[in-house]
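Start from chain A and add chain B according to the hints.
As they're listed, the protein sequences go chains A and B. Each residue of the first sequence is one higher than the last, beginning at 312 in the working numbering. Each residue of the second sequence is one higher than the last, beginning at 4 in the working numbering.
A hint or two may mislead.
[Said to hold, decoys possible] Stretch by stretch, here's where chain B covers chain A in the computed footprint (C-beta under 8 Å, at least three residues):
#1 347-355
#2 381-395
#3 459-466
#4 515-526
[Said to hold, decoys possible] Within a straight-line C-alpha distance of at most 27 Å, the following computed BS3-like cross-link-like pairs (lysine-lysine) qualify:
#5 K365/A / K358/B
#6 K503/A / K358/B
#7 K238/B / K358/B
Quick caveat, the hints were computed from the structure, so don't treat them as lab data. All C-beta atoms, glycine included, are put in the ideal place defined by N, C-alpha and C.
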Amino acid sequence: MSGTIENRESFLQNIASKLNRKAGEYVKTPEWTHQPQFGVRRGASRRELTDVLKNAAEAVYTKVFETDAAGLPDQLDQVIQEYGGAPAIATRDGRFTEYGLNSLFEKYHIETWNVAEGHKNIDRAAQANIGLSVCDVMLAESATAGLYHDKDKARSVSLLPVASIVIVPASVIVPRLTQAMQQVESDIADGKEISHYINFISGPSNSADIEMRLVVGVHGPVKVAYVVVSDR
Amino acid sequence: MPMKVGNLPFFEGVDQAIHNTFMVNAVSSAQDGLREKKRKATTGDPTLGNWEDWRDAGEEIRQFTLNHLDYYLKQLSDQFAARGGHVFFAQTAEEAREYIKKVVRKKKAKNIVKSKSMVTEEISLNEALEEEGCDVLETDLAEFILQVDHDRPSHIVVPSVHKNRQQIRDSFRKIGYTGTDEPKELAGFARKTLRGKFLHADVGITGCNFAVSETGSICLVTNEGNANMVTTFPKTQITVMGMERLVPSWKELDVLVTLLCRSSVGQRLTTYVTDITPGAQPDTVDSPQDYYLVILDGGRSRALGTEFQSALQCIRCAACLNVCPVYRHIGGHAYGSIYPGPIGAVLSPILGGYKEYGKLPYASSLCAACTEACPVRIPLHKLLIRHREKYVEGGGKPPFSEKAGMKTFSIGASSPRLYRAGMKTAPFILKPLVHDGAIEKGPGPMKPWTHGRDLPQPSQEDFRTWFRKHKQSEMTGKNHETGEQQ
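Chain A extracted, bound-state conformation:
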């Protein structure tokens, strides 16, 4: 599949002439002199990063629950109840089954995103109280859940329901955005196609547009919770 490009030649020629360059001539991006990002929380342990995450989550109005793989179904059950229960919807992600959550899905009649059903999925997500996703990378510094969406790991699930609950395998917790970007760069270098919609989400949607007063819950979810699974 290939798209179109219009009006490029004269546009770039104009720029190149101002810069005394040959239009479009290759340049190698240099190794930068200043790279402060790599020094932030270098060498922090998983435990330290989990603590950093918990502190940062408070600042973005997000609750963090911690459990292990064996305790996950019970912990998630409690969180779902605390956040108001069904109706709920989840992304289509093999990790839910891997984490032994099928019976919990049955208990709450949690709908799983199904592309074959088209727009019905969006209607369900819009009606849902809870959306369940599994995190692809968690940025401890800012308590940010990185979600690499595709047709099954649908973006609507963490966007439309009132509450978004994100399961966080502890192995995906990294210090900050830097490591997530390195991961993307590494995928590109390996020739992998990157996700077409990478979302870094730090807590519930919010706005301070009215007299600079913070309102939590604007267009996206009103509440967000992270359930960290320490041995995953």
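Just chain B, lined up with the frame of chain A:
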């Protein structure tokens, strides 16, 4: 002139603004709040290391990218198109509008939702699409408020900062709101009103915080979730970007996003940092299937290769607005441009010319707080001085009266005899205007000065006479005014 806000000449706009007490207080309070948040998230955050290193990194990346802009734009467009997206390079605002209108016509689109974007304000896109018969809805809370009121932004990051909650409540009443002036309730009304619109819109339009050349990706940095709605449910997406808003790769995106979030709103990251690349799988339910990217020059290339190139390093964080003493007292609308504050005073004359915006560089005390605040080290106050120099050198085409006045002064000052005669006659000519030793209301060129402060009465004795007498008294030991021995 699409960038124009209001119809008042600059100084009249300023006069009006400084008497708007609510606006001045609201802007001051927002400045204080945002400045403190920025401090805590930058120099006040020890985990980040040295903030100055981050600024160096930002400057280095932005300078290199701009110096090789043609290459990175080529790469960006190649990558975007290779994944199925459509790229249009627009030299002017008009070209951008016409192309977007063409896409909208082709899609037979009627309902359009937009997320906050300064560049679409710059090209007056809403008006153009409304002429096409489309319903264009701003979905960022502040922009929604402004749209209901047919108002324009007064701050780059907090566009409705000049409005209070009572005004917003009254505006919402026009569209059926019956609640109180509580911000939570007002925001809840916007959520409810807009939710259905997102789900049934034909086209979603966004700006672009950063494009990533390496993969043809667009990064949006937001808080409310509306940009995610806009880029998820409509089947057609259009992104409009200023041609300089790009980074080579994801590695540089990390640094720039960090600088932007921390400098603009003092957040470690904004609630949503969303990276969109064309080419979603065709059976994806919640994704646009057609993606258009419009890259706008709009006068930016006039800065390339000149002393003003560094202005294009700007990442639109508005940190310079939040420290500016002039912006504090006149707010955003007085600048008469959608880009206000120090960066607006530098950028507007580049994009819109000296004729329209040549006076804006004078909206500065040259205290350099803006330069100090800028996360990518744009030497804003120096650029303001250069603009002033170019303006008086003729770039601004000053009015006849100003030119005639300067010419007369130049003739007078170049002839010692005429200069002395002028100095001697000035006290007599101005005498009718003097009250209690000062001129309170001066005519002509004196008017702006005496509007804000008194002009001292010219001395009967000119400086040279005073100096000669002073020197003599030093030699004779006699006070030159009283004649007494010192």
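> Taking a Cβ-to-Cβ distance below 8 Å as contact, does the segment 515-526 of chain A have at least three residues touching chain B?
Replying inline: holds (count 11)
>> Just to be careful, I want the Cα atoms of K503/A and K358/B compared with a cutoff of 27 Å; is the pair within it?
In response: 51 Å, violated
> How about the segment 347-355 of chain A: do at least three of its residues have a C-beta closer than 8 Å to a C-beta of chain B?
Replying inline: holds (count 5)
>> Please verify whether K365/A and K358/B have alpha carbons no more than 27 Å apart.
In response: Roughly 54 Å separates the two Cα atoms, so the pair is violated.
> Residue count check for the segment 381-395 of chain A against chain B: does it reach three with CB-CB under 8 Å?
Replying inline: violated (count 0)
> If you look at each residue in the segment 459-466 of chain A, do at least three have a Cβ nearer than 8 Å to any Cβ of chain B?
Replying inline: Result for this restraint: holds, n = 4.
>> What's the verdict on K238/B and K358/B, does the C-alpha distance respect the 27 Å limit or exceed it?
In response: Not OK: K238/B and K358/B at ~42 Å, beyond 27 Å, violated.
Consistency with the previously given hints fails for numbers 2, 5, 6, 7, ordered from lowest to highest.
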